[in-house]
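What follows is the residue order along each chain.
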Amino acid sequence: MAKIIAGVGTSHIPSVGAAIDNGNTQQEYWKPLFDGYGPARKWMEETKPDVAIIVFNDHASAFSLELIPTFAIGVAEKFQPADEGYGPRQVPVVNGHPELAWHLAESLILDEFDMTIVNEMPVDHGLTVPLSVMCDQPREWPCKVIPLAVNVVQYPQPTGKRCYNLGQAIAKAVESFDEDLNVVIFGTGGMSHQLQGERAGLINADFDTAFLDDLTADVDRLVKIPHTEYLREAGSEGIELIMWLLMRGALGEEAKEIYRHYHVPASNTGAGLIILENEK
Amino acid sequence: MAKIIAGVGTSHIPSVGAAIDNGNTQQEYWKPLFDGYGPARKWMEETKPDVAIIVFNDHASAFSLELIPTFAIGVAEKFQPADEGYGPRQVPVVNGHPELAWHLAESLILDEFDMTIVNEMPVDHGLTVPLSVMCDQPREWPCKVIPLAVNVVQYPQPTGKRCYNLGQAIAKAVESFDEDLNVVIFGTGGMSHQLQGERAGLINADFDTAFLDDLTADVDRLVKIPHTEYLREAGSEGIELIMWLLMRGALGEEAKEIYRHYHVPASNTGAGLIILENEK
Amino acid sequence: MSKKDYDDIPGTYVFDGTQNRKGYHLNMFCMSLNKAENREQFAADPEGYLMTFPMTDEQRKAVLDRDWLGMLRLGGNIYYTFKIAIFDGMTMQDAGAAMSQVTVEDFKKMLLDGGRPVEGNRYKSEWEK
Amino acid sequence: MSKKDYDDIPGTYVFDGTQNRKGYHLNMFCMSLNKAENREQFAADPEGYLMTFPMTDEQRKAVLDRDWLGMLRLGGNIYYTFKIAIFDGMTMQDAGAAMSQVTVEDFKKMLLDGGRPVEGNRYKSEWEK
Ligand SMILES: [Fe+3]
Ligand SMILES: [Fe+3]
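For the record, the sequence lines run as chains E, C, Y and U.
For the first sequence, the numbering used here begins at 1 and goes up steadily by one.
For the second sequence, the numbering used here begins at 1001 and goes up steadily by one.
For the third sequence, the numbering used here begins at 2001 and goes up steadily by one.
For the fourth sequence, the numbering used here begins at 3001 and goes up steadily by one.
Heads up, some of the hints might be wrong.
Stated by the list, open to error - Only pairs whose alpha carbons sit at most 20 Å apart, straight line, appear in this in silico PhoX-like list of lysine-lysine: (1) Y:Lys2004 <-> C:Lys1224; (2) E:Lys172 <-> Y:Lys2035; (3) U:Lys3004 <-> C:Lys1172; (4) U:Lys3004 <-> E:Lys31.
Stated by the list, open to error - To spell it out: a stretch of chain C is covered by chain Y in this simulated footprint if at least three of its residues, at any positions, have a beta carbon under 8 Å from a beta carbon of chain Y; those stretches are: (5) 1127 to 1133; (6) 1168 to 1174; (7) 1242 to 1252.
To be clear, the hints were calculated from the coordinates, so they are not data collected in a lab.
Ideal placement from N, C-alpha and C gives every residue a C-beta, glycine not left out.
Next up, chain E with everything else stripped away, as it sits in the complex (with noise of 0.2 Å):
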């Protein structure tokens, strides 16, 4: 049987995967960020997860206002990274996993979220800079992967109550796997941050915290935490953090904080960064 045996809440900051990609994490200004990702990746390295759910939003990449789904589940059997515009990030493809991810979509839909399956998806920074985050460089990641993503980028996004229930409902159908898999999933986007407009460069480390505290303390006040309050309490997209409610939905409600790191600022993010376990 698979298993969820933790989550990984983290911010998908763009400049943190550059600073990998050009041996910078050890300058001034990245220096305190990455000091404090040494042991999350310690603790990567030692759970040696089977698969990893990402979930992640696209950011124009692999998805165009052409057509937007809400939710979206990998199904491929690989996935490269996308070129955002600066040409591809020079990082080990990424592998799927069909069978456990089209284990997820059927169960998923017959379990009434209405899951867009997709069979082709370049990847970018928003999944693969947590793997980076998590994993550092290797030659090839040390886990498969399914990649879920959330739209964040056209209003409305999906509700954090709805993600936080299909977060439950994963939770349920990776238990209906019939094989051993230990599986961490990923909450990635956030934490505060304003990228757009005259406000840009807002980010709001109370409301940060406070989230982080809650995710083990008052899981119940997050997820009712509506959009209009995460578009003015933590920057227009400081809404991504609904993708670490679908993290939290789908471990168990006893689940305990093993890490966290919190650093501000990385590029325009305040950037963050915790660990939660389910009991064993």
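Keeping the supplied structure of chain E fixed, place chains C, Y and U with the ligands upon it in accordance with the hints.
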């Protein structure tokens, strides 16, 4: 305030479109079917809806296995007839209603339906044949159209229950649109048919008749029909009938049947048509 | 993949994830026939055109042989494989007759008589008798 | 379109259906810059390349002028318009400085000091004082 005034259920058989396009509707084979369409066309002419929400499935025309949305709503100004392999049907372009379509998309997503929003989508016989069935061969279609595509090509389709619930949410969303519009919703596809395999040609008139009856007599029973019962009893493509349940969900509980027509065979299909009106 | 409750329906190829994975490129070839220029290429050089898709040789042969059942067994989806029938100028009855292995006349007659009945056609066990 | 409860957030362009309809082709132009050959074309002949998209003249001018706020007002979505910044070799700080109309140095300093505070920046009314 906009409101849904009626629902239409109709098969969307390609050769019915061809019979109209080629002027064959008075041939011996087709006449009984088209005679039954007469009163429905008269109803459509008299009812003059402003907008038709047409629930249909794409048949490998706009969407491919690359990306399979469960529910996709078309928000464009125009939808061109698709080339399905014979060149596009020579029928008028389909004019959308972007304001209402966006209102629906936004309302439905906030109401926790995981819609895919589509800005470019050629529409195939699944959408244009129902228009031809109800409107014959006008120079322009008499109303605006909001296409709502449901995956029926890839197992698993959404459940009948989920379709019904989406219909209910659509009714609510239409009623919160701030313009006086009379809206008709079409559920298309079916009825019983199996296009594929050694069992090709299966038609189950008893199943179809009971389905037509229970659209008013026992909606609850219909909503609970599991996928395998459709596949077994109504043929592998008979599962298209879930789209009729989406239509039914958008009507009031007390909706009345005001017209029905059923004919076997039309190509390989049990051809049904029903008109249900909401209380005024 | 796990057993499904639709596995016992006779003569029916449910296009689920397993079939999707098997037939992906076969079906994408079929889909390509939506475009007039691709239809021209396929008409001009069927083998050559099929080689531009990463299908199996068995799938290519099934296409060239118009082995309609074979295509379904190799992961074809009827909504896709029917594009080849359209290309050939066939109707749905022609394709249905081919898949159920009767003449087109017999197939049409069966439909005029109300279609293939569901009685006796619900379970594989009924066909094995 | 109806009033939204996010309308009173200052300096923020929520990309909803109204903005999508306004900016569709502008954003699709931005998206096209994901492809190297399109970047080359845009570099070689900016005006000519823009004419291949059915944008408004105002939108084309905003692109050519690198009027980052103007693009947002004309329906641009930051995830899309940032493709132009990438094309120009700009960072997210450069774009943020341009949109909030301060120097890059000041913008970076604000971020190093913890970012733009939410206090005083929640409501349009707070900016009007
Ligand atoms: Fe992001
Ligand atoms: Fe159909």
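* To do: Enumerate the violated hints, using their earlier numbering and listing them in ascending order.
  => 2, 4, 5, 6 and 7
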